[in-house]
Amino acid sequence: MAQMTMIQAITDALRTELKNDENVLVFGEDVGQNGGVFRATEGLQKEFGEDRVFDTPLAESGIGGLAIGLALEGYRPVPEIQFFGFVYEVIDSISGQMARMRYRSGGTKNAPITVRSPFGGGVHTPELHADSLEGLVAQQPGLKVVIPSTPYDAKGLLISSIRDNDPVIFLEHMKLYRSFRGEVPEGEYTIELGKADVKREGKDVTIVTYGAMVHASLKAAEELEKNGVDVEVIDLRTVSPIDIDTILESVKKTNRVVVVQEAQRQAGIAANVVSEIQERAILHLEAPVLRVTAPDTVYPFSEAENVWLPNYNDIIEKVNTVMNF
Amino acid sequence: MKHVLESVESQFEMFQILNEDGKIVNKDDMPDLSDDELRELMKRMVYTRVLDQRSIALNRQGRLGFYAPTAGQEASQLGSHFALEKEDYILPGYRDVPQLIWHGLPLYQAFLFSKGHFHGNQMPEGMNALPPQIIIGAQYVQAAGVGLGLKMRGKKSVAITYTGDGGTSQGDFYEGMNFAGAYGANNIFIVQNNGFAISVPREKQTAAKTLAQKAIAAGIEGIQVDGMDVLAVYAATKYARERAIAGEGPMLIETMTYRYGPHTMSGDDPTRYRSQDLDSEWEKKDPLVRFRKFLESKKLWTEEDENQVIEQAKEDIKEAIKKADQYPKQKVTDLISNMFETLPQNLQEQMEEYKAKESK
Chain A
0 MAQMTMIQAI TDALRTELKN DENVLVFGED VGQNGGVFRA TEGLQKEFGE
50 DRVFDTPLAE SGIGGLAIGL ALEGYRPVPE IQFFGFVYEV IDSISGQMAR
100 MRYRSGGTKN APITVRSPFG GGVHTPELHA DSLEGLVAQQ PGLKVVIPST
150 PYDAKGLLIS SIRDNDPVIF LEHMKLYRSF RGEVPEGEYT IELGKADVKR
200 EGKDVTIVTY GAMVHASLKA AEELEKNGVD VEVIDLRTVS PIDIDTILES
250 VKKTNRVVVV QEAQRQAGIA ANVVSEIQER AILHLEAPVL RVTAPDTVYP
300 FSEAENVWLP NYNDIIEKVN TVMNF
Chain B
0 MKHVLESVES QFEMFQILNE DGKIVNKDDM PDLSDDELRE LMKRMVYTRV
50 LDQRSIALNR QGRLGFYAPT AGQEASQLGS HFALEKEDYI LPGYRDVPQL
100 IWHGLPLYQA FLFSKGHFHG NQMPEGMNAL PPQIIIGAQY VQAAGVGLGL
150 KMRGKKSVAI TYTGDGGTSQ GDFYEGMNFA GAYGANNIFI VQNNGFAISV
200 PREKQTAAKT LAQKAIAAGI EGIQVDGMDV LAVYAATKYA RERAIAGEGP
250 MLIETMTYRY GPHTMSGDDP TRYRSQDLDS EWEKKDPLVR FRKFLESKKL
300 WTEEDENQVI EQAKEDIKEA IKKADQYPKQ KVTDLISNMF ETLPQNLQEQ
350 MEEYKAKESK
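Chains A and B, in that order, give the protein sequences. Numbering that gives the first Met the number 0 puts the first sequence at residues 0 to 324. Numbering that gives the first Met the number 0 puts the second sequence at residues 0 to 359.
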């Protein structure tokens, strides 16, 4: 099996679907000749032509609108928003328009659009590039929000997202693009949207997380194991809707939970996970469900990133708190 | 430098065919319409005027919901629509319900849209249109996508979209035209300039002398048209359509028009921002009066014709509102079903919850 980085796995998924379905279109700022600022679309224009993989004018709302119009003509658009911090420019096209297409038309129209976008901290970008804004789109009914943490998941989830007949926001953590390689099968395979994955089995405590924090959590789990704490790590993979069944199964086994997200604490994915757990499994809990998050400030200027972002020490501390409760 | 600066100053001349007295002032551009087609245009304008009057009355009786009056804008709305073919795609603004009706939306469904029932947004099979857009300008960027799709599919049809004078201040207005221009997409962009964005006058929207000239920045064709002259609006739209399907790119059409009524029936009071003098000035330009004079001079229209259309409209409206009133009410489970192709876990649970509530 091929060893790939996450960015290679994403390119591979795009190539697979461009080949599979002539209605798949890939477009955005710099995605053509240049292959995207992260090279996610490297070589795709050359391989599939300028009608299938093309540059757009520099306007995010226009890109979102273009995707909606093309979807109405039977295409399956895969637009790229160059950085998810630019989502404020296209939030009407996403939340006000594509998310509502099926509902607004009484089920007679749909928007099979996959909006891909890089996000996430730790790579020293300028302002409004790194913010974790998944909560913003997860709050909008009508969207699915997917965040892969490994090359294998990235390819399978992206293929599933493109094939989905409703809009999917597919967020790619920049720090994971090239930080490691993983096994990625050749050809097509899918991973069901809305299904979490147990990345590490354990019996003492459950960490529920996603994105780059999956790796911080796995690192914390290794450290904790040295002290005899057996940690289970659940990777949500889809943050809206969340896979409550997989979480509950784990909670009923471990009775202790820490939810970890890179985003700020207020009104986020972690808060939703905590609410669902306490509504459905409070009698299985031996301790309050704690959260590890960033503080509720604006995303910091890049020099302060490393003191601001949650890290594996923060995770170890919270796991110890729930273990000793 | 001065001569260079002067060379970019633009002032668009307004395109007109029929003047206020119903006389042809521009014979060269007179569209090639048969007598039957001319009569059909008049019929549609009279019918739509009656529909507007009845809709306002029904709204006041509480039998309709959201309604944006259309009287005054018939030539802009129906003249542009008359130049379209069945396969063309309409992306309307919230006041553009008449175009949907003449494109194939049954009247009772237009009433259901007003009442806030999703069946009003279910366009009949084979009718290419979106439901009316509420966000000002959002339809412009979507139209560029449809227009590009039509071009890539090799279809000989266009995507037409409508906004108002206020809409031209939105970023989406420019982005839509700019994308369509860059891709040479099959698009017609209409601005119905009725002089007021709710209460804000046209002069406060922009320093630009015309809205049509905004096409220049996007590199597309633009024209200002007398929006009370149905023949001029028809001719301009027909020209734009032919260009677009010939691969010559999109066109912006600004129609100079006026809405006699309030912005919507939800509490707007035009006396707060418009003078009676201005109202009367525009009523003199009325599209129906002008076109009626023209047709009467050609012996193509009589009082009897007019009354027949009025009676037919009233009859249709009566039937349609009855049908809309009797249409099954929406349930929460219907709304849940319309969210996704396959319901995710959270909505599956909520579906069960509401099914139980609804069966009580």
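These aren't lab readings, by the way, just hints derived from the structure by calculation. Ideal Cβ placement from N, Cα and C applies to all residues, glycine included. Any given hint could turn out to be false.
Derived DMTMM-like pairs (lysine to aspartate or glutamate); straight-line CA-CA distance at most 20 Å [unchecked claim]:
hint, chain 1, residue 1, chain 2, residue 2
1, B, LYS283, B, GLU19
2, A, LYS108, B, GLU340
3, B, LYS154, A, GLU200
4, A, LYS194, B, GLU340
5, A, LYS108, B, GLU19
Away from chain B, derived, C-beta distances all over 10 Å, residues of chain A [as the list claims (entries may be wrong)]:
hint, residue
6, GLU46
7, TYR74
8, ARG264
9, LYS317
Against the structure, the hints come out as follows:
{"no.": "1", "hint": "B:LYS283 - B:GLU19", "verdict": "holds (7 Å)"}
{"no.": "2", "hint": "A:LYS108 - B:GLU340", "verdict": "holds (11 Å)"}
{"no.": "3", "hint": "B:LYS154 - A:GLU200", "verdict": "violated (55 Å)"}
{"no.": "4", "hint": "A:LYS194 - B:GLU340", "verdict": "holds (17 Å)"}
{"no.": "5", "hint": "A:LYS108 - B:GLU19", "verdict": "violated (43 Å)"}
{"no.": "6", "hint": "GLU46", "verdict": "holds (18 Å)"}
{"no.": "7", "hint": "TYR74", "verdict": "violated (6 Å)"}
{"no.": "8", "hint": "ARG264", "verdict": "holds (22 Å)"}
{"no.": "9", "hint": "LYS317", "verdict": "holds (26 Å)"}
Taken one by one, the earlier hints fail for this structure at numbers 3, 5, 7, listed in ascending order.
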